[in-house]
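Q: Each chain is listed here by its residues.
Protein chains: 2
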Amino acid sequence: MSQNEEVHKILVEAGSLLKCYYEEAPKWDEKGRFELVSEADLAAERLIVTRLRSAFPGEAIYAEEAGEDAPDYDRDATVRWIVDPLDGTANFVAGIPYFAISIARERDGQIAEGYVYNPVSEELFYSTRSEGRSYLRDDPITVSETADLGDALVAFGFSANMDAIRKYYARWGPVFERCRKGLAVIVPSMTLCNVARGRLDAFIDFGCSMEGQAAAALIVKNAGGVILNYDLTEHDHRNKGALAANPHLADVLRHHAT
Amino acid sequence: MSQNEEVHKILVEAGSLLKCYYEEAPKWDEKGRFELVSEADLAAERLIVTRLRSAFPGEAIYAEEAGEDAPDYDRDATVRWIVDPLDGTANFVAGIPYFAISIARERDGQIAEGYVYNPVSEELFYSTRSEGRSYLRDDPITVSETADLGDALVAFGFSANMDAIRKYYARWGPVFERCRKGLAVIVPSMTLCNVARGRLDAFIDFGCSMEGQAAAALIVKNAGGVILNYDLTEHDHRNKGALAANPHLADVLRHHAT
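Sequences listed follow chains A and H, in order.
The numbering of the first sequence is our numbering, which starts it at 1 and goes up by one.
The numbering of the second sequence is our numbering, which starts it at 1 and goes up by one.
Do not take every clue at face value.
Here chain A is said to cover these stretches of chain H; the calculated rule only asks that three of the stretch's residues, wherever they fall, bring their Cβ under 8 Å from a Cβ of chain A [to be verified]:
id : stretch
1  : 8 to 21
2  : 50 to 60
3  : 155 to 166
4  : 174 to 188
5  : 225 to 235
With a straight-line Cα cutoff of 27 Å, these simulated DSSO-like cross-link-like pairs (lysine-lysine) come out [unchecked claim]:
id : chain 1 : residue 1 : chain 2 : residue 2
6  : A       : K19       : A       : K9
7  : A       : K19       : H       : K19
8  : A       : K19       : H       : K9
9  : H       : K167      : H       : K240
10 : H       : K19       : H       : K9
11 : A       : K240      : A       : K167
12 : A       : K167      : H       : K167
13 : A       : K9        : H       : K19
Hint data in this document are derived by calculation from the structure and do not stem from the laboratory.
Here the structure is a predicted model, which means the values were calculated and not measured.
Ideal Cβ positions, reconstructed from N, Cα and C, are used throughout, including at glycine.
Could you put the whole structure together from the sequences, leaning on the hints where they help?
A: See the structure below:
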């Protein structure tokens, strides 16, 4: 088991900060819910960026909100941290304790370390490329063995938005209809980790960002899972969208993709 | 603040039991995920029913699975406990820490006490009819003040199931399209509590069971919210489905219902 203790500490600290905002009741007379979540997002990101910078001086950091602290994704950097301080903002606002911090360390364009942490359930998933295994807390994890679509639990990355639903249905109609249960989830990082852990058999998301998928992609791979771009080409975390499954289900999905 | 300490203790105990099952990795060679969740469900229910029986002798208990321990819902009983030992089984299986235990005490056909507990986030919501207030842990809660659909966070009770989605869309198309954000959630008890707490502005569910909504209906009402049957008639927890919102949004939803 090899994990980066420094990153672990940063996750726990940033997680405590997010939890403070999460547990706070929205103040209707002062600011709306969505301002509160932006504040939480920004505060967590600032903490993470500052702490990464001091722990790993000279390494590039990419994070969505940080502005000058985090220059745009720079393809020339050898080592780069990719940070999503709050994946699952809508759940965070709605009082649903399924959101996560995602931190990945990229080396020469490939994810070398991945960390995904839910501060409410205190689930920390991580993996390092050099070791080639994935963990939840200290336990090694592996993908499920479900081979039959009729037994499969499949998550789709959509909220109650008819355009997105129609888009999934047009392409994945048979999977929608035939899987044992389909779930609509909007937290790519943690949901990919639940594929890695064998709780879900597959996750199909056409819209997830690089920050949401970078760390978890490595975790899926090193748990024995298959991760692809949404268009079924070889996975590159810099693309939007991703598709992950256990190897049996990945074949089934390839077959069903239209 | 008036809560039933005995019920609180039962919830925490049953919650610990559920958490053990939740954290356990599914054992693929022994039994499937869905057998595991039935086992968790049944074990939690057995614990709750046994403990309620000994704490409140002579009071009827209705629970879905318990068989002889819990005879069918009996309309003649004056006092009756309505138990959902695990609302949100699909989330439980999928590794999503958004599920709950729901316990309601009915007197003369009306909910007198309601308790909803998420054992992972340790959020306990409760309300008693006599006091007329609702609480999260020890803090009083109230519904949101959002009046404009364009600002509203609305939850719909569906998973990735096209029939259910089409049914919602046919009736609630404009709400789907115009709300600030729509979420698909499948944990009626806890989601109603998130309306009570002002995190969500509305929840629309055509299928939720009596066990899933009984306790939370009181919690919504006593937090200043509106709860109706899915067909917009006066709420009766014995009906399938429910619609809850803050009073402003309830008017908007009445207007949009077709």
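Q: Now tell me if each hint is right for this structure.
A: Tested hints:
Coverage of the stretch 8 to 21 of chain H by chain A is violated [criterion: at least 3 residues with CB-CB distance below 8 Å; count 0]. Only residues whose beta carbon comes within less than 8 Å of a beta carbon in chain A count, and the stretch 50 to 60 of chain H has 0; fewer than three means the coverage is violated. Proximity of the stretch 155 to 166 of chain H to chain A, defined as three or more residues with a beta carbon under 8 Å from a beta carbon of that chain, is established by the 8 residues found. With a cut-off of 8 Å between beta carbons, the stretch 174 to 188 of chain H has 9 residues touching chain A; three or more are needed, and the interface restraint holds.
Using a Cβ-Cβ cut-off of 8 Å, 0 residues of the stretch 225 to 235 of chain H lie near chain A, which falls short of the minimum of three, so the contact claim is violated. Between A/K19 and A/K9, the direct Cα distance comes to roughly 15 Å. Compliance with the 27 Å bound is thereby established for this hinted pair. With a C-alpha separation of about 20 Å, the suggested pairing of A/K19 with H/K19 holds against the 27 Å cut-off. Restraint check: the Cα-Cα separation between A/K19 and H/K9 comes to about 25 Å, which is no more than 27 Å; the hinted pair holds.
Distance hint between H/K167 and H/K240 is fulfilled; the C-alpha atoms sit about 15 Å from each other, no more than 27 Å. Annotation: proposed proximity of H/K19 to H/K9 holds, straight-line Cα distance about 15 Å (limit 27 Å). Proximity of A/K240 to A/K167 is assessed by CA-CA distance (about 15 Å); at most 27 Å being required, the pair is judged to hold. For the given pair, A/K167 sits about 18 Å from H/K167 by alpha-carbon distance, which is consistent with the 27 Å threshold.
Note on A/K9 and H/K19: the hinted pairing holds, with a Cα-Cα distance of about 25 Å set against a maximum of 27 Å.
In summary, the structure is inconsistent with hints 1, 2, 5 from the numbered list given earlier, while agreeing with the others.
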